[in-house]
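Asker: Now for the letters of each chain:
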Amino acid sequence: MEVVLFYIAASIALITSILVITRTTASHALIYLIVSLLAIAVIFYLLGAPFAAALEVVIYAGAIMVLFLFVVMMLNLGPSQVAQERRWLEPRMWVGPSILTLILFFEMVYILAGTPALTSGVAVSAKEVGERLFTTYLLGVELAGFLLLAALVGSYHLGRRYMRARREEIG
Amino acid sequence: MEVGFIMILPLVVGAMLGALVLVWWERRLLAFLQDRLGPNRLGPFGVGQMVADLIKLITKHDWVPPFADRVVFTLAPVAIVAAMLMGFAIVPFAPGWHIIDLNIGLLFFLAMTSLAVYGVLLAGLASNNKYSLLGGLRSAAQMVTYEVFMGLSIMGVVILTGSFNMSEIVRAQEDLWFFIPQVLGFVVFLIAGIAEAHRAPFDLPEAEHELVAGFHTEYSGMKFALVMVGEYLSVILTSAIIVTLFFGGWLGPDFLPPIIWFSLKTGLFICFFVLLRAAIPRPRYDQLMSLGWKILLPITLLNLLVTGAVVLLAKG
Amino acid sequence: MQTAIAVPIDIVLVLAAALFLIGFTGVLVRRNVIFLLMSLEIMMNACGLAFVVAGARWIEPDGQIMYMFILSLAAAEVAVGLGLVLQLERRHRHLDIDAASELEG
Amino acid sequence: MISQLVSLWKVFLHLFASNETVQYPSKKKWWWSQPTKVMPYLAPRYRGRIVLTRDPDGEERCVACNLCAVVCPVDCIALQKTEDENGRWYPEFFRINFSRCIMCGMCEEACPTYAIQLTPDFEMCEYDRNNLVYEKEHLLINGVGKYPDYSFWQVAGKTISGKNKGEAQNESPPVDVHSLLP
Amino acid sequence: MATIVVDGVEFEVDEGQNLLHACLSQGLELPYFCWHPSLGSVGACRQCAVIQYADADDTRGRLTMACMTPAKDGTRISIQTETAKQFRASVIEWLMENHPHDCPVCEEGGECHLQDMTVMTGHIQRRYRGRKRTFENQYLGPFLNHEMNRCITCYRCVRFYNDYAGGTDLQAFGSRDRMYFGRTTDGVLENEFSGNLIEVCPTGVFTDKPFSESYTRKWDLSSAPSICAGCAVGCNTFVSERYGRLKRVHNRYHGELNGYFLCDRGRFGAGFVNSTDRIEHVGERVEDDLFDVLDGEVGIAKLAEMIRQGDVVGIGSPRASLETNVALKTLVGEAQFCTGMSSAEESLVDLIIQTQRATSADIPSLSDVESADAVLILGEDVLNTAPRVALALRQTVRNRALNLAGEAGIPQWQDAGVSSHAQGRLNPLFIASVLPSGIDDIAADLAHDVPLNLADCGFAIAACIGEASGSEPGFVRKAAAALRSAQNPLIVSGTSTRTRAIVEAAGAVVAALESAGKVPRLLLVAPEANSFGSGLIGGGLDMNAALQRVASGSTKTLIVAENDIFRRAERERVEQALCTVENLVVLDSLDTPTASLASLVFPAATFAESTGTFVNYETRAQRFYCVFEPRNAIAPSWRWLAQAATDAGRDDLGWRHVDDVLEAVAASPNMAGVRAVAPDAGYLGSSLCKTPRETPRFSGRTAMNANVNIHEPKTSVDEETPLSFSMEGLNRDQPSALLPFVWAPGWNSNQSVFKFQQEIGGAAAGGDPGVRLLASGSIGTMPARSASVRSDGGGVDTGFRLIPVQAIFGSDELSSRSPPVVERSSAAFMIFSPMDAERLGAAQGMGVSCSVLGATFAVTVDAAMKSGYVGVSVGFTGAEGELPDGLIALAVDPNYRPTPNPHDRVIARG
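Residue numbers (the working numbering), protein chains in the order written: chain A, 113 to 283; chain B, 1086 to 1401; chain C, 1140 to 1244; chain D, -3 to 178; chain E, 12 to 921.
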């Protein structure tokens, strides 16, 4: 019966993902993306990765997407932006890429289909993840830390220049 | 995975009623703290006030501004209340009195508080009003910021307990309530909790003096009521979590049942929230941010470092 | 020990592939940087899903660890990406990614 | 930070302080307040309901000089001068529209005879606005109000019966015009 | 022009003036009391002190009185120097030492020149602790209150009253700080211009008694520019209102007409507006003296039905506005319209118009009158029929002193110098009249005779002017010689004796002067405020013809607009006509004998409640504006008529506003000028630019009507005029025809009038209002001497011949219903020669009854009266209308009790 939960979550994830790339309003697209992420968090939980599920909600949906929304609010996109999006989303723009990706999709389905195995049905607890993370993958953690530091510095740099330019504009 | 389905209905009803009572109780207590009387005209001690407020809110014109994003505008207050109610799912009121005893209970709480941001954010965005937008922006930055410290501050508790499970955390405090070893964590969590609930003094997203009513400027009627209920629910939830994490949850001398102990402690913290509102002025926005990043972050990191070191030393 | 369910692994992988390709299509089709970044998020999330399902297949935490790395990558990417979005908006007053092709020469 | 905690503590202590609120009008006495604290103390200079007072000799003080009317920022005073057989000026009618009055006290300031005075009575609500129009018979009281000894007619050099020329304060008797003395 | 330096700033000023005049005309604030543009300077009050410097190097200077120092070129003075300021403050402080503490009960408060000057000099506190000097007051009659304690000894009152107006019963008594201004005993101030003391006195010594009875401060009065309806001069007035009642009439400066002064009839005669006799509703007579109140619409419907039936005769009125007369004339048609003047009046007015057009002589304005240097008054008692002309004539003769002073190099404003240099020398004034008049004291020679003989006298003068010398009696020769040698001879005559020959004689004198190469002026006084207006409009019927036509029964409806027919013809004739006609419609403001006979009565608005136009003796059309909205159904007569005519299907009277009526008036011959008289309702376009009738400090707006309705009504919008019924609007730089009151910052009293003049004492700002309808220049022929039937006087046995005698208080219909004028006027009287009185057995204080007139008259004996003739006061009860011709029998009435003269009442008021 719980498999059904998985299928429901999976279809929600699929549908909302499609909606994300077809919306013209950024905020609506973001809401769908968040729903999609929540659905995937459910899938994670069902697959026995509760820690990943929690992280998906806390970090992905709760922090990264907020950042997105924050920027969307700052940009204050109006109806003109929506109209522009609609212009950009003409069929001649999306039909070709969609057909190509569809072909790609069927190729992948063909490759992946017939892998008989099921998942284990056993959850991997947060404790195990933590232990492995700070032993085997310590270097990875350090690297991820550097990456984040670099992103911090980079985004600060971008934002700072932006702010200064803004101030000059106003003043 | 045990789910206490029977608990759902009483909990939802109880939480809603609690929020309703809190409407009255906050005004009353606030008044006493300010040497006033507060609402006292309706019913004994003015308890009828909450019914009156409820009737007023129900019968008020539920207006959606024509310039607003209709769907999002309607969904936002629902999101606020839903996230908060979900948060109650992992609270252990007494031994066995919980909806779900998740292994990652604490993470679930964090996840729910982080989802609650969306209600506020979307409300601000969908209102299409400059005050609402500014309120939304403020709450986004504030809540994302304070979520970091909130998460980090309770890691000390997790280290001490070795689990994210709420019931285990409570049981781990049988000898000593965690607010003694984790006093720094408690302080940070308390402050972050206030900020997450955007209660005074950290109610900058709705600061009346600057932003009319912040993100809920355009709300009226039952939608407004939901926003307010969401706020009171978050007060109750934060108090309940503080009690669970740092004050031994249901634990207490035997002469009272555990649920009473839990309720008493929670009520005390709710009153403390009201006291804060009565006493502390609202900081400036940049002060709020620098408090977070320049004071609370080092404190939590220090707390985490010391706790980890002590635990390692005790084990080693 | 928390329980989980057993799902045919190929279905999950197909789901991951589908999500990835949806994100990919988004990257191809959209010109607005915000939507591009969102599509990228979908793609990374799909990768994460693939890792997690692999971890679930072998009852190993490595999948979730890789997912965490992807998460940090996504965070970093979003931070820089949104910074760029703001810059773009400041310079061109719109968010068309084509306008950012100044290095073409 | 310490100051925040101190203020928290101080505010908390107010929980045990007595309330300033007076349960007006249902209770004019609060159970823990001092027994004397029936109503809040209103100073004599409180600017409440306007009255017209009388001279120490019991006659109307108002001489219908119109200064209160002209100084009134909301123009809520209207009156008409008339004169009695004694030569005293008095208002034929004196009307204050209290639904407009803002109790600013300018009329009291302007009054040269201390006739118009504001009292500490503020209980003058009505369900019907028309009842807020006070005519002279509603305004006139049988007393001297705040300035018990002042009598304009004893100061002013205008004659009324009972006070001839030269009999007011600080006046010398009338000049004999027909006198040839230098 | 002279250049003077005041506080280092150069000003171009008029050289002939004093420094005070010069400074005020430059807008500099310099306090003063005793100076008055019409009275000149005497330097009595020491208030206008300035420092005068000898030259640019002089830094000390010396203190001089600005009003006594000529504005010579290069004069250097300082107003702001501390010494001068301190001096002026001290002067005020000394004045205030004895000033009573009674501003709140002073009628001058709020428009007091003393208050203004005290504020201007900065004196705020009484330092002197000694006792105040006091005075007893006097009873001065029904017009004035006396409050001597307030006096500041500026001498303006006696200078005006004695020197300017020729009064004798107000004097300055005493010495040093005990100066007393009053009468020797209590009693009525006799001069006809005593009311001006209210405005002349800079403080509250003389105040308006009727106004004081229902006193309102100046700031609370809503006022409008108006025209006096008392006589044919048409003095400009401010009429003020509060609480729906007319409060007072004040002088409105007009450079050519009334200047600074009004007569007492004009000032106190408007009280009839508040009368209890006012008709306030449409009434339909059901029985004798019993009227049913009708709704306005119903009344109009009834009138419309009468108009629809036809056979309508209309009688207008010389006391109604041009608008009303033209409305009635348009309604009934010229052939059915009578101007409303009596037949005698009308023929006289026509004669006057004909005469005035035939001569090239200008009709003089009053300022022209004052510039004449020889005057002949022929048969007219101007002091009683057009009082303001008499005041002007006093200045005419006094101006000899100015001419002499000019020759001697004395500045004209040096009042004391001018009069002492003249030593009482006056310009020649010759008066030929029936009876001695109030201005005989300034006459060079007098002649008293019956009217026709006076006409003979006039023709004799005309003949004498042409001859080099003659053998005529002394008066004629002297008058002719004086007129012949004058530069600007002036002839004054009029209608008061109802004798055509007198007017013809005046015309003959003017013609003779013209042919002698002079530029004479001819002033002919008409009987009423709008007599010339009525005369210019004209009608197809004269009064007798109209009454005859009505009495013959051929007329169904008679419409009478604001006229009491009983005053226009003999009683029997009127009664016969009014009782014959089927429908008698009367529109009037007051209940008159005519109105009480009417079958339908409409309430007409008075001059204070409506807007309209009067034409004065110089054919100057002048606009009066409604001051307040009339109560109840009262409306202007033309509105009733136009509404009824429109309802009756007429489309030529579809007028909505007074401007529409004026359009119709302007279409009549000679009337083209009426539209230019004053701005129309669209003046300055926006309703925001209307001139407010209320002052900027108007008080009590939210309480005035709160007893009726607490919800303040919307301010009523005046669509008819450029004035508004509120405080809001543009009260600045409007033409003087629209000036509703005078007030300037710091100048609350009427002394602020100089801020509304082009130059001080000159024309009003924006030009003196009014338009003369008849241009000067000779058109038509001078009427020849008509053959008048000479009849001798009678005697006790045969009966007496009656001569009409006018009285300033009582003869005029409207002002004689004003309470203070009633109190001031005497009972109806007859004037006998001593011989006749003796023969009749009558003496002063007895009564004489006249069966023809049906009334009893008080007996007055006058030696100037010719035997066989009797002067009868007209306009009083029993002699309202035309006096009958022929010999009238009189008998002593044994039952006569003299009505106690209210003036004998002496009330000690301290």
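A portion of the hints provided could be inaccurate.
Unchecked claim - Result set (BS3-like, lysine-lysine): computed pairs, CA atoms no more than 27 Å apart in a straight line:
{"id": "1", "chain 1": "E", "residue 1": "LYS220", "chain 2": "D", "residue 2": "LYS159"}
{"id": "2", "chain 1": "B", "residue 1": "LYS1145", "chain 2": "B", "residue 2": "LYS1215"}
{"id": "3", "chain 1": "D", "residue 1": "LYS132", "chain 2": "E", "residue 2": "LYS529"}
{"id": "4", "chain 1": "D", "residue 1": "LYS159", "chain 2": "E", "residue 2": "LYS96"}
{"id": "5", "chain 1": "E", "residue 1": "LYS143", "chain 2": "E", "residue 2": "LYS83"}
{"id": "6", "chain 1": "E", "residue 1": "LYS83", "chain 2": "E", "residue 2": "LYS489"}
{"id": "7", "chain 1": "D", "residue 1": "LYS142", "chain 2": "D", "residue 2": "LYS159"}
{"id": "8", "chain 1": "E", "residue 1": "LYS96", "chain 2": "E", "residue 2": "LYS83"}
{"id": "9", "chain 1": "E", "residue 1": "LYS529", "chain 2": "E", "residue 2": "LYS567"}
{"id": "10", "chain 1": "E", "residue 1": "LYS83", "chain 2": "E", "residue 2": "LYS766"}
{"id": "11", "chain 1": "D", "residue 1": "LYS132", "chain 2": "D", "residue 2": "LYS159"}
{"id": "12", "chain 1": "D", "residue 1": "LYS142", "chain 2": "D", "residue 2": "LYS132"}
{"id": "13", "chain 1": "E", "residue 1": "LYS766", "chain 2": "E", "residue 2": "LYS96"}
{"id": "14", "chain 1": "B", "residue 1": "LYS1145", "chain 2": "A", "residue 2": "LYS239"}
{"id": "15", "chain 1": "D", "residue 1": "LYS132", "chain 2": "E", "residue 2": "LYS143"}
What the hints assert, rightly or not - Computed footprint of chain A on chain B; a stretch qualifies when at least three of its residues, placed anywhere within it, have a C-beta under 8 Å from a C-beta of chain A:
{"id": "16", "segment": "1120 to 1126"}
{"id": "17", "segment": "1168 to 1180"}
{"id": "18", "segment": "1212 to 1224"}
{"id": "19", "segment": "1228 to 1237"}
Hint data in this document are derived by calculation from the structure and do not stem from the laboratory.
Think of the CB as a built atom: it goes at the ideal place given N, C-alpha and C, for glycine as much as any other residue.
Asker: A separate judgement is required for each hint: does it hold in the structure or not?
Answerer: Verification of the supplied hints:
1. E:LYS220 / D:LYS159: Roughly 21 Å between the alpha carbons, so the hint for LYS220 of chain E and LYS159 of chain D holds.
2. B:LYS1145 / B:LYS1215: holds (24 Å)
3. D:LYS132 / E:LYS529: It is violated: about 69 Å lies between the C-alpha atoms, which goes past 27 Å.
4. D:LYS159 / E:LYS96: Distance ~38 Å between LYS159 of chain D and LYS96 of chain E Cα, so the pair is violated.
5. E:LYS143 / E:LYS83: Cα-Cα ~41 Å, so violated.
6. E:LYS83 / E:LYS489: Roughly 42 Å separates the two Cα atoms, so the pair is violated.
7. D:LYS142 / D:LYS159: holds (24 Å)
8. E:LYS96 / E:LYS83: holds (23 Å)
9. E:LYS529 / E:LYS567: violated (54 Å)
10. E:LYS83 / E:LYS766: Holds. LYS83 of chain E to LYS766 of chain E sits at ~23 Å (cutoff 27 Å).
11. D:LYS132 / D:LYS159: holds (26 Å)
12. D:LYS142 / D:LYS132: Answer holds: LYS142 of chain D to LYS132 of chain D is near 19 Å, not above 27 Å.
13. E:LYS766 / E:LYS96: holds (23 Å)
14. B:LYS1145 / A:LYS239: Given that 27 Å is the threshold and the Cα spacing comes to 51 Å, the pair is violated.
15. D:LYS132 / E:LYS143: violated (34 Å)
16. 1120 to 1126: violated (count 0)
17. 1168 to 1180: Result for this restraint: violated, n = 0.
18. 1212 to 1224: holds (count 3)
19. 1228 to 1237: It holds, with 4 qualifying residues against the three required.
Hint compliance for this structure: hints 3, 4, 5, 6, 9, 14, 15, 16 and 17 are broken, all remaining hints hold.
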